[in-house]
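Chains as they are written, first to last, in the working numbering: chain A, 5 to 270; chain B, 58 to 348.
Listed next, the in silico EDC-like pairs over lysine to aspartate or glutamate satisfying Cα-Cα at most 20 Å (straight line):
id, chain 1, residue 1, chain 2, residue 2
1, B, LYS163, B, ASP152
2, B, LYS126, A, ASP266
3, A, LYS102, B, ASP146
4, A, LYS264, B, ASP123
5, A, LYS14, B, ASP146
6, A, LYS264, B, GLU130
7, A, LYS14, B, ASP181
8, A, LYS102, B, ASP152
9, A, LYS14, B, ASP185
10, B, LYS192, B, GLU171
11, A, LYS102, B, GLU141
12, B, LYS192, A, GLU104
13, A, LYS102, B, ASP185
14, B, LYS182, B, GLU171
15, A, LYS189, B, GLU141
16, A, LYS14, B, ASP152
17, B, LYS266, B, GLU248
18, B, LYS72, A, ASP266
Keep in mind that the hints were calculated from the coordinates and are not lab data.
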Amino acid sequence: MLNMYLHELKQYRRITMIWIVSLVTVAALYMALYPSMASQMEAMKKILANYPKALLAALGIGPNLFLSFAGFYSIIMAYVMLATSIQAMNLGTGIVAKEEHGHTAEFLLSKPVNRTQVLTAKLLAALTILLITNVFFIAAMWAEISVLAKTTIEGKIFILMTLTLLFVQLFFLGLGFLVSVTAPKIRSVLSISLSTVFVFYIIGIFDSIIGSKAVRYLTPFKFFDNQYIINNGSYELSFLVLEVVFLIAAILAAYYYYLKRDIHTT
Amino acid sequence: MNVIETKKLTKYYGKSRGIIEVDINVEEGEIYGFIGPNGAGKSTTIRVLLSLIYATSGSATIFGKDVVKFGPEIKKEIGYLPGEVFYYDTMRVKDLLNYSASFYKKDCSKRIKELAGIMNLELDKRIDDLSYGNKKKVGIVLGLLHEPKLIILDEPTGGLDPLMQQTFFNLIRDENKKGATIFLSSHILSEVQRLCDKVAIIKEGRIVKIEKMSDLAQSNYSKIKVESKAAIPEGYFDMAGVSGLKTDNHSTTFMFKGDINSVTKKIAALDLVSLFVEEPDLEDIFLHYYQ
Chain A
5 MLNMYLHELK QYRRITMIWI VSLVTVAALY MALYPSMASQ MEAMKKILAN YPKALLAALG
65 IGPNLFLSFA GFYSIIMAYV MLATSIQAMN LGTGIVAKEE HGHTAEFLLS KPVNRTQVLT
125 AKLLAALTIL LITNVFFIAA MWAEISVLAK TTIEGKIFIL MTLTLLFVQL FFLGLGFLVS
185 VTAPKIRSVL SISLSTVFVF YIIGIFDSII GSKAVRYLTP FKFFDNQYII NNGSYELSFL
245 VLEVVFLIAA ILAAYYYYLK RDIHTT
Chain B
58 MNVIETKKLT KYYGKSRGII EVDINVEEGE IYGFIGPNGA GKSTTIRVLL SLIYATSGSA
118 TIFGKDVVKF GPEIKKEIGY LPGEVFYYDT MRVKDLLNYS ASFYKKDCSK RIKELAGIMN
178 LELDKRIDDL SYGNKKKVGI VLGLLHEPKL IILDEPTGGL DPLMQQTFFN LIRDENKKGA
238 TIFLSSHILS EVQRLCDKVA IIKEGRIVKI EKMSDLAQSN YSKIKVESKA AIPEGYFDMA
298 GVSGLKTDNH STTFMFKGDI NSVTKKIAAL DLVSLFVEEP DLEDIFLHYY Q
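Chain B with its partners taken away, still in its complex shape:
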């Protein structure tokens, strides 16, 4: 069954573009990544799914039900973590959590305690005394406390330190193992790579590509930057798998795809000052994947 299904989903804000004809299918039990640069339409899509804003045209269903018509019913089973977390400043954390729990017709107190323990959250503090990262943790607990069947995460790791990110990812994986479907938007490729089974790439409001993570990983690019003592002779890196070569005096950058050993041998022959082998960022991906 498709947990989320959109058909030609389009949203314009007046004349400015939100999203254009977005088609995505998220199957039950999947961890689905939604990746794209800032302003590509990730949050717009999510906000339409939550019927915070209404689509200009096209349709969207969750659990097979129209998101506008059956909004309140659907939302019983959705946990949502917004990209920017803002809550009632004067409330205490535990009061906010209890207020949130009061919307669901079940006892969430045990789960709240559990989650607060995992996320290392201080329940007696006031919201406005929390750092951004701690507010984000509150958001995570709010999103999970009613054990939803669908978890929607909008840029979830911003503001979390690496250790907490790890804890958070484990938490999401556990929820997934228990049967929850996860829909996660991000502009950080590695985040999506670590977690997701499938990924949809959105650019300027349109879906550019939907791919299984395993396929995406196979065609992995590396971004290599070499700085040498002597100038690198022209054409030194002319070989299979190298693209986007740029040389600036003693430093050279290029993208590489293929057998990494062939290129490391070449590099080993140089007298190096420094060497970076990095994962390409999204911009590089767009440049090299989808030209």
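This is chain A alone, in the form it adopts within the complex:
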């Protein structure tokens, strides 16, 4: 099983490096804007006051967010989250589907391994890839925060906020796994993952506009409320439970289907 795990890591090495570099670059550039924005805070507030409230809500800009660096950082996270979710969904969908899509399933499954081992190796590899991505991202963000002026944030809040990326990624990884195993034939992994992530993202935007709490249960983008994290220094338990339950259910279902289905060639 170790050989399959290492094989997957090698196969994804390049694309993971590209993801890490792009995520860090975009987030770092965005964050570098903070010192100059902070010095013009009063002017910024006046401008924002003229915007419609619904628009600000949709953009994830709450009333107090610009008062602190933590608020500013949470906006960056909201955008980065869209990208990291696509990474996770793509990974979850692709890591199993690529064998059938690329016709290599016959190669792999004619080896002396059972399907549980195949799926487990792939799942562990995907988790490792996401962990590596997050470790690099967290390290890079922390490094930049320590260097930039005016960027003061409590360590715990920083970690909690940044880790929401990983938690939302895990949701999409589980979903992607389930989709790749149950969908009969996947022609394009990217189009499936992009559309799925965007649907959930749009549901999230509706929540911000409507302000209904019920919608929050429908999309992982709203499982973790940054304002709540800033105020309480923790996640909301009910959403954390929801996430874990979903993950376990999705992965068990993926195993169940993968073990009993036919492997198609074309």
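Since the structure of chain A is provided, determine the placement of chain B on it from the hints.
Coordinates of chain B only, in the frame set by chain A:
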């Protein structure tokens, strides 16, 4: 001992037919041919044996063990060459071979070198830089590198040039001499004839006939096509052993079975433009053997 044994093995893809009640027994040390036209169910049978797909009903065992229940254990001793070869495009040949070897708990490095030498394979090339024929060669090495006891080959020679086919057949014969059982599917009769001891013929999902190669060879048909300058008189080829006679102006085709000399004498008396004596293809076999 039966290396492969299937009993009433049936596979439906939803409502469409895969195979119906296939019974085959492959004994240890045999080279067993599995022949039939495209879409007859050859690959389906093989894919059930490898538990890539699951049978609708019936049973299949390899080395006396159920193919689904003991799949991973059985596969330690199976070498498989798929009909269509696809591998991880970005890998180098040697990395792919080593990856494949890493699934078997033994050192295959010596065998890899040996096989790559025989098949004339470039180990440093990337998979996506290889031609189809070269990918097929990679597949052959992958199928043999762990010295399996059972070698399953699905349409093995497609994409190989005649010289390489010869090398490949010799390789298979050597493996067989060393004790490996060979199960080979094909739609090309001559391929099976050259190699196999026994042959099962499959048509539309069902086994039509299982015969020893020696019996099949005895009842050999030839397909003869004659083109003459003058029109051939009607009834000229009315003789024992001729069947399926078709005349079109100056050209005549028929199947012939029996003493070839009797027919060559007849043909020699004609003023010919051209003459073909061919091995009948599968379709002809089905038409003339199993009406």
